[in-house]
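Novice: So you can see what is in the structure, the chains are spelled out below.
2 protein chains.
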Amino acid sequence: MNTMLTLRFDGTHYHGWQPQKEFATVCGTVKAALEKTLGRTVTLHGCGRTDAGVHAEVYAANFRGECSIPHERLPFAINSRLPRDIAVLSAKPVPDDFHAINSCMRKQYTYRVYTSRMRDPLREGRALHWPRPLDIGRMRGAARDFTGTHDFACVRTMGTPVKSTVRTLYAFDIEETGGLVEFTMRANGFLYNMARALAGTLLWVSEGKVADIPALIASGDRAAAGPVLPAHGLYMTGVWYA
Amino acid sequence: MNTMLTLRFDGTHYHGWQPQKEFATVCGTVKAALEKTLGRTVTLHGCGRTDAGVHAEVYAANFRGECSIPHERLPFAINSRLPRDIAVLSAKPVPDDFHAINSCMRKQYTYRVYTSRMRDPLREGRALHWPRPLDIGRMRGAARDFTGTHDFACVRTMGTPVKSTVRTLYAFDIEETGGLVEFTMRANGFLYNMARALAGTLLWVSEGKVADIPALIASGDRAAAGPVLPAHGLYMTGVWYA
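The listed protein sequences derive, respectively, from chains A and B.
Just so you know, we're using my numbering here: the first sequence kicks off at 1 and counts up by one.
Just so you know, we're using my numbering here: the second sequence kicks off at 1001 and counts up by one.
Only chain A is shown next, with the shape it has when bound in the complex (with noise of 0.2 Å):
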């Protein structure tokens, strides 16, 4: 038997999905909910490694093996054993060769930037806070250039070794509610940091340090895109598998 399970997590306190030694991790805390939930060991593969501090409104797992608990149960029978910062919000059969990771279709990364003059402590560790005003349509204009199958070198932070940086981007929508901007980007895969340099290099380009995207594509220069804002605006909240 193969299990999916669709998770969602508040990351402020983990050090991403991989388990680590020293760390705690949302991999690692809910493959010890489920252990002892089921009994037995468990290998759990998540659909992205996902950074420190990043959160989720979606991520997706599975694991293989006896479920000796029915999937419509299982949900709280494990949420009664995470922190309140993570839950299972759903567990279903799979057919056996489905991976998380490997069957992943397609992801969406959403990035929050408030732009209040004053820090807002309700937002606090859920949005970067960006004191000025954003040029939306200045910004639109350059996340259209940014869709499409591109070479996305230039907003990749080298590191993991890819076979290739050329991805597809298949929408890249930004949202203005009462001083919540939104920046949700969505792709058949993500480089290293690209999610939160494709963000940072619309600020940039709000802030009119950055302005010709085709010729930035081309270049393939990191340093002439924007920065990897902070991990803690960052959601993922999306996956698909077909």
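Hints were generated in silico from the structure; no laboratory data involved.
Treat the hints with care, since some could be wrong.
[Claimed, not checked] Facing chain A, according to a computed beta carbon distance under 7 Å, are these residues of chain B, among others:
hint : residue
1    : 1038
2    : 1081
3    : 1085
4    : 1087
5    : 1114
6    : 1119
7    : 1121
8    : 1122
[What the hints assert, rightly or not] If we take Cβ atoms under 7 Å as the criterion, some of the chain A residues that face chain B in the derived model are:
hint : residue
9    : 89
10   : 92
11   : 101
12   : 121
13   : 145
Bear in mind that the values here come from a model prediction, so they are computed numbers and not experimental data.
Here a beta-carbon is modelled for each residue, glycine too, at the ideal position from N, C-alpha and C.
Mind docking chain B on chain A? Use the hints.
Specialist: Just chain B, lined up with the frame of chain A:
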């Protein structure tokens, strides 16, 4: 000189407004930052005590005496000395006889409840989890019956002696958006625990455990009303002085 400050805070880690020797409070924290900023001792009056764990989108306070820093720069100067869960939004001169609590004409509280079946880590500490649908229509009828000038003894926790338990509830609105239900109450004053007991009584109305609000008010019977809901769903959302 008399100066009015408006504040915003996440109350999770504070034992309310009122200074206490053993615990961190919002007043104690702001007072310390203000005294460091001005280089003198200050008496800080708040617009209400607010219980431990209650949040504020807007909270007002005032202090008298010389202000050596221009009012427009004061919030930034204080904020640099405050923890991230409290911020001063504005500072302005007010008449000598202004007093944050005695001059207050109306206050507004909003209680937030979310109704998803699973608990939501991203709403943790910010809204009450009520894992069942709520009957908005029925609750709106009850809220209408609560508005007006009444003896609110039935939703008051005993403890603090008050001259009268009569208050005027100007508005009691219920808004629902995407699984989040907000109860917003505006009154000329709130008795101890009144906002949380009013919200709790509406939940009881939805559950069919309370039906006749005029009879409940007339009885003055605390035991016949709903529960005092947890502090983490409550926000002060407005305060008016004219």
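Novice: Hint by hint, note whether the structure agrees.
Specialist: Hints, one by one, checked against the model:
At its closest, the beta carbon of residue 1038/B sits 19 Å from a beta carbon of chain A; the interface hint therefore is violated under the 7 Å criterion. Checking residue 1081/B against chain A by beta carbon gives a least distance of about 13 Å; that is not within 7 Å, so the hint is violated. For residue 1085/B, the suggested interface contact is upheld, since its CB lies about 5 Å from the closest CB of chain A, less than 7 Å. Taking 7 Å as the C-beta cut-off, the interface hint given for residue 1087/B holds, the closest approach to chain A being about 5 Å.
With 7 Å as the threshold, the beta carbon of residue 1114/B stays out of range of chain A, its nearest partner Cβ sitting at about 12 Å, so the hint is violated. Contact between residue 1119/B and chain A, as hinted, is supported at the beta carbon level, the nearest pair being about 5 Å apart and thus within 7 Å. The beta carbon of residue 1121/B is positioned within 7 Å of a beta carbon in chain A (closest approach about 5 Å), and the interface hint is therefore held. This hint holds: residue 1122/B has a C-beta 6 Å from the nearest C-beta of chain A, less than the 7 Å allowed.
Evaluation of the residue 89/A hint against chain B yields a held restraint, the C-beta minimum of about 5 Å falling below 7 Å. Using the Cβ-Cβ criterion of 7 Å, the hint placing residue 92/A at the interface with chain B is not satisfied: the shortest such distance is roughly 14 Å. Annotation: interface hint on residue 101/A violated; nearest CB of chain B at approximately 22 Å, more than 7 Å. The criterion of a C-beta within 7 Å of any C-beta in chain B is met by residue 121/A, whose closest approach is roughly 5 Å, and the hint holds.
Here the hint on residue 145/A is broken, as its CB sits about 31 Å from the closest CB of chain B, past 7 Å.
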